[in-house]
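Q: As numbered in the working numbering, residues 1 to 130 make up the sequence shown, in order.
These are calculated hints, taken from the structure and not from any lab test.
These numbers come from a predicted model, not from an experiment.
Quick reminder that beta carbons are idealized off the backbone N, C-alpha and C, glycines included.
Watch out, some of these pointers could steer you wrong.
Below, computed lysine-lysine pairings styled on PhoX-like, alpha-carbon distance capped at 25 Å [unchecked claim]:
#1 K40 x K25
#2 K50 x K40
#3 K50 x K129
#4 K40 x K129
#5 K50 x K25
#6 K64 x K40
#7 K129 x K64
Estimated spans, in silico, between C-beta atoms of each pair [stated by the list, open to error]:
#8 C121 x E37: 18 to 24 Å
#9 R123 x P54: 20 to 26 Å
#10 S107 x F1: 33 to 39 Å
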Amino acid sequence: FGPHLCGDSLDVHNGEVLTGSWRPKDQLQIFDLGSGELIKNISWDGGLFKSRVPVSLYASQFSKLSADMYIAGGSGSNEVKIFDRATHTPFCTISDLNRACLSLDFSNQNSMFAAGCADGCVRLMNITKI
1 FGPHLCGDSL DVHNGEVLTG SWRPKDQLQI FDLGSGELIK NISWDGGLFK SRVPVSLYAS
61 QFSKLSADMY IAGGSGSNEV KIFDRATHTP FCTISDLNRA CLSLDFSNQN SMFAAGCADG
121 CVRLMNITKI
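Produce the entire structure from the sequences given, and follow the hints as far as they go.
A: Given below as structure tokens:
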């Protein structure tokens, strides 16, 4: 089986496809565009940021300039995470959102992103990678 896409959770960069699936396991994956083969299952709970409940993703995107990071968000845990592309681990988590994150978009300079949530709010956030 492949990804279960529900929303804006498909992005392509340099022959790789990032998918965010609406399911409680193996939600975030990278595939090879040419062959369709799975390259990497990304652990949502990798690193220091553990979720209280599983997330089901509605949105995922590679950063626009260098694609050195990617972002994903969804329902269940109602959170957004930003991942380092080299290590595939999250370096930032926005948790305890009132409702699910339905849409995400990086700014063209990668210094900000917008998160559209089911509570009717669009959150604009700066990104500082330490």
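Q: Now tell me if each hint is right for this structure.
A: Structure-based check of each hint:
Taking the CA atoms of K40 and K25, the gap is near 13 Å; set against the 25 Å cutoff, the hint holds. Pair hint K50 plus K40 holds up; C-alpha atoms about 19 Å apart against a cutoff of 25 Å. For the proposed pair K50 and K129, the alpha carbon gap of about 19 Å is at most 25 Å, so the pair holds. A C-alpha spacing of about 23 Å is found between K40 and K129, which places the hinted pair at or below 25 Å, so the restraint holds.
With a C-alpha separation of about 14 Å, the suggested pairing of K50 with K25 holds against the 25 Å cut-off. Only pairs whose Cα atoms come within 25 Å are accepted, and K64 paired with K40 is accepted, the gap being roughly 20 Å. Taking the CA atoms of K129 and K64, the gap is about 15 Å. The hint holds against a cut of 25 Å. About 38 Å separates the C-beta atoms of C121 and E37, a value inconsistent with the hinted range of 18 to 24 Å.
A C-beta distance of roughly 22 Å is found between R123 and P54, which places it inside the suggested range of 20 to 26 Å. Evaluation of the 33 to 39 Å hint for S107 and F1 yields a pass: the beta carbon distance comes to about 34 Å.
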